[in-house]
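**Student:** Chains as they are written, first to last, in the working numbering: chain A, 1 to 331; chain B, 332 to 724; chain C, 725 to 1119.
Calculated directly from the structure, the hints in this document are not laboratory data. For glycine and all other residues, C-beta sits at the position ideal for the given N, C-alpha and C. Hints are not guaranteed to be accurate.
A few chain B residues that face chain C, going by a derived Cβ cut-off under 7 Å, partial list only [to be verified]:
no., residue
1, Gly506
2, Phe507
3, Ile595
4, Met717
5, Pro718
6, Met719
7, His720
8, Ile721
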Amino acid sequence: MTEQTYRVDVIGHQWAVELLTRQHNGGRMPQSLLLAGPLNVGKATLARHFAQLLNCTGDGKPCGVCRSCRKVVSGNHPDVRILDDEHETLKIDQVRDLQHELSLSPVEGRCRVAVLCNFERATAGAANALLKTLEEPASQVVIILTAPDPAGLLPTIVSRCQIVTLRPLPADQVQAALQEKWGAPAAQAELLASLSAGRLGWAVRALTDESFLERRQARLDDLRDLLQMHRAERLAYAQQLSRDVLALKEALTLWLTIWRDVLLLRSGSRAAIVNHDWQDSLQLLASKGSVAQAGEIVLKLQQALLNLDRNVNPRLNLEVALLRLPRYAEF
Amino acid sequence: MKVSCLQENLAKGLSIVGRAVASRSTLPVLSNVLLATDGDRLKLSANNFELGINCWVGAKIEQEGAITIPARLLADFVNSLPPERIDMELDESTQTLHLRCARFESNIKGIDAQEFPVVASASDSDVAIKLDPESLRLMIKQVVFAAATDESRPVFTGVLLQFDADKLTMAAADGFRLSVRSAVLNQNVADTLEDAGLAGNGAKAPSLIIPARALTELARVSGEQEEPIDLIVTSGRRQILFHLQDIELVSQLIEGDFPDYNRIIPKGYSTRSVLDTANFLKAVKISHLFARDSANIVRLEISPSGDELMNGRITLVATSAELGDNVAEIDASIEGDSMEVAFNAKYLIDVLSIIDSPQFALETSTSSSPGVFRSIGDENFTHVIMPMHIQTR
Amino acid sequence: MARKILHLDLDAFYCAVEEQRNPGLHGKPFAVGGRPDQRGVVASCSYAARKFGVHSAMPMAQAMRRCPNLIVVPGNHRAYSRVSGQVMARLHNLTPLVEQLSIDEAFLDVSDLPDSPENIARALQADIRRELGLPCSIGAAGNKLVAKIANNIGKASAQVRPGQTPNAITVVPPGQEAEFLAPLPVRELWGVGPKTAEKLESLGLHTIGDVAGWPESDLIRRFGKHGADLSRRAKGVDNRPVITEHEAKSVSQERTFATDISGGTQLRRTLRSLCEMTGRRLRKRGLSGTTVRLKIRWADFTTLTRQTTLGHPTNLDAEIYAAALELFNNVWPEGKRVRLLGVGVSHFESPGRQLSLWDSGPPPDAPLQKTLDDIRERFGSNAVKRGSQLEQDDE
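Make a model of the complete structure from these sequences and hints.
**Tutor:** Below is the structure:
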C-alpha cells in the first residue's frame, strides 16, 4: 500500500506554480504575495500548496507526507495560519492576533505563513493594520492574500505584494480533473466543466454538493419568473431571497453568468457562453434586449455582489438589482 | 499510567504550568495539560506555541504512561482537594483519568498524549549559560515593565538580551521610555556563545529578543530558587529555554531588529539632581492623583540652590481641572542649571518603584530631551523617559 | 431677509498651481498624483486630460492607458497650501464670514454687501484670476446647499475649450431654489449617498423634484430623522449658517445685562462665572486653549475685544479667569457702564504631548493613505468597480 499523501495539488495554473517554485528555490520567494483571480478558480489551493512547500521537511517539496505537510492540511500547523472564511468580514482583532504570531520565531517550520483568503472582506482598519506587517515583515514571515480583484483592495496593500493573477482554466482541463481526481462520469464532468466557466472549485462544489445543481435550476426558474413579474412581486421576491445572504450571493452569481452569456450572444460570441443548458432562454433574452441593456444588467449584478461584501442592506441591494431586469409579458 | 502524589505538589505544579495553557486556540489539546511519568517523577507540561512550561513533581510511579487533561478543570479540582495523597489511574481504552483523594473521586476525560505538541526540553549535550537567579530576577523586575503592550512594533513587546564577554544586558522599551540593566556573569561566555547557538552578527554583540511575558513568567516560577538557572538556545535558534530546578520554561523568540538603544541614551546633561527615592516616589504618587485627568502631566521645576553647601529643590506641579492642583517640594542635591521639564507621572512611578537604591539621580538637559534615571551606587541600571511637551509661547 | 451665499471652488486647483510653477504644462494633459509604476492614483488632472476620460481617484496606470501622453506631476502639498492660504486671505478681504471646506473650496456669506450676487461673484472671480492667476467657479444662492449644488452643476455643464477651465458662475435667484433643484438627480442632494439614492430610486424617486413632491411623512417613516432633512433639502431649504473658522475653533460665553452695570464687584463676579462656564465647556470637549479673549459692549453699543496669549494651553477656570481679569482691569475705567460681557478661549492644543523616544513618526504615506481612503469612501463604486466578478475583463 502506498503511503497516503496529503499534498495539496494545484490543477492548472502551472505557470504560477512554476514561477513561485522557481522563486522559492532561488531564495527569491516574495514575502508578500497577492493571488488574484475569479472566485473558486484555485487561489486558496495555490496558497495552501505554497504553505506546504515553505515548511515541508520531505523530498520533492511539498512532499505531502511529512508531519509538516500533514499539519498544514489538518489546520494544526503552529506556524501556518489560514484564515479562509468566505463571507465573514475580517476584523482588526484577527489581524492583531495574527501579527503577534508572525512576530515570533517559528515553532516547528522554517517560516511563519499567513494565508488571508478573500482579503476584500477585510475592514479598512484590518487592512491598514496589516499594512504595517507588509511594510516590514520579519525575515521568517510569508503572507499570502487572495482576492478576486486587486482593485477591490487598498492600493497601499496591493503595492506591497507580488501579484499573481490566476485565469479561468480551459473547460477540458476542468473536465479531465473532474473525471480523474473526483471520479465524475464523463457526461456530468463535461456539463459541469462547461458550466464552471473555468473555475474548478465551482465544478467540484457542484459535483460534491448534491443539491447544488438543483438549487441552480431553481434559481434559473426563479429568473424566468422574475422576468414576468411586476414591481410589487419582485420586491416580495427580494424580501424572501435576501433573508439568506449565502443563497442570495449564489443566486446573484448565477444570474450574473446568465446575463454575461446574453451579452456574449448579443454581441455574437457564442463560443464563450457557459450556461449551455439554458441556451434557448439565453437566445430569447438576447433577441429581446439590446447590448447596452444586457451590459447594464451585468454591471448592476456585479455591483450588487460587491455591495453584499460591503454590508449593504441585502434586501435593498437585491431590490435595486431586480428592478433593473426587463419585464416580458411572456417568457 | 498509575501514579500517586501529594495534593500540594500537584497543585503547585499545575499553577506553575498553568500560565502556558492556551486560553483560546484552534487546537483543543493546547487547553490541556500533559501528565506523563518521567523516571520517578510526574512531568506536567503546558504549551501555547509561544510559551511552554515543563514542571516535575515528586510522585510514586506504579505504571508508566501519559495523558492530557483539560487544564482548568484539573487545576480547579486539585485546588479544592484536601492536602492528602492523590491517586491517579488512566483508563487507556477510554483515555479517562481516574483521580482519588481522601473521599473525593472523579473521572476526567482526556485527549491522547500523542496529540500534544512536545515542549522542548534540555538535554545533556546542550550548551548552557549559567545565570545567577537573584540577579536575573532583579534584571527582569527592572526592565520588563518598560516593554510595550501594544503590537504596533512587535520587537518592543520583547526584551533584548545581549551577551558581551562576561556581561549580560537586558533592555526593553516602548515608544516613550527605555530600561536597561546589565549584570556580570560568573563566566566568560565569549567562547561558549557560538556553541550555544548565539553567534554574533558582525560587530554586533550576540542578542535575542524574548517576549516580555515569558520573562515575567520566568521570574514568577523561579520563586525562591537559589541554584543557577541555565539559559539554552535550542537548535536553529528557534526557542530560548530556561532550565530551573524541576522546571523548564521555553519561549519562542521575537524576530526582528531591536533598534540601537545606546543612540537614545543622552551622553551628557546640563542638570543632575540626586534625590531620595522613597520621598520622591511618594510626592509623584500624590501629584498623580491630580494629574490623572490632564494626561498624567507632572511638571518638575528643578532649582539648584546656587550654593554648594545648600540643598536645591525640585517642585512637582500637577493640576486638575476638577480637583484643583498640587504642589510638592522635594529637597535634592542639584548641580547645573535650573530648568523645567514635564513627565508622565505613571512612567515616573513605574521607574521609581523598581529602583532599589535609597537614592537616585535624574539627569536632564532641556524640557524636550530625555531624562535619564540612574541608581546611586549601581552603575548597571539606566532608565530613560521622554518628557511631555508643554506648549510655551 | 434673503441671504446671499457664495460657494467658491478653485478649478483643477493642484493643476493650476503646477501650471504656475511650470508654464510649459499649460494646455497639456497632465495629472498630479503618484507614479503609475508605484500604483499611484490621480489626485487632480488638467482639463486637457479630462477630455481623455481621466478623472481624479483613477489609478495612474489606467489614466496613462486612456491618455498615453499624460504628464505625471508629483504633488507638492506645501505649495498648494501656501496658494490656498492666499486665496482664503482674498476671500476674507471680501467678508469675514468665510467657511473653508477644504484646500480649494469655501462658502462666503455676502448678505451684507449691497451688490447683486452675480456681480460679487464676477468681481471675486476676476480678482482671484488677476491677483493670483487662478481660475475658479462660483455658485450663488440663498443658502449653502443650493449654492454648492449650483456650482457643481455649473462647472459640470461648462463648455471647456482646450487650455481653458470652466470659470463658471451659476446664480440661483432667491425663490427659485426648488425649481432649480427639481430636475437634478437625487444624488446631487447633500446627504444622499449611494445607499440612500438607491433606496430613493427604488421608490421611483429619481430627481430631487420627485423627492420634494413626495410626502414628508413617508420619507420620515422610511429614513427617520434624515427623511425630514431630505424633504426639506429637496425643496431647497437650508438654514445652516456659514461657520467661520473663528467660531468653530473657540469656546466662549457671554452675558447681556438686563440693565447696564457699572459696579466693579458685580462685573468681576460675572466675569468669573463666565470663565467657569467656558472652562467647563472646554473640559467637556476635552480641549485646552492658549488664547483668552474678553469682549465688552458698552452702554452705547460699541464693542471692544481684547485678547491675551498664555504660555501653555489651559482649560482651568482659575487660569482663564486670571487672564480675563487682567484684560478687564486694563480696559475697564472704574464706573463705566457695561452692557455685555463675554469670555472666549481659542487656539486649542492638547494639554501636553508625550514626546517620542525613537524619532519615528507615522509611516510617510499615512496622510496619502487617508486621502485615498477618503476618495474611496466618496467614489467607492468607481474606484473599485471591478469587484467580485467571475472573470476578469481585460480592457
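**Student:** When the structure is checked against the list of hints, which entries are broken? Sort them ascending.
**Tutor:** Result: no hint breaks.
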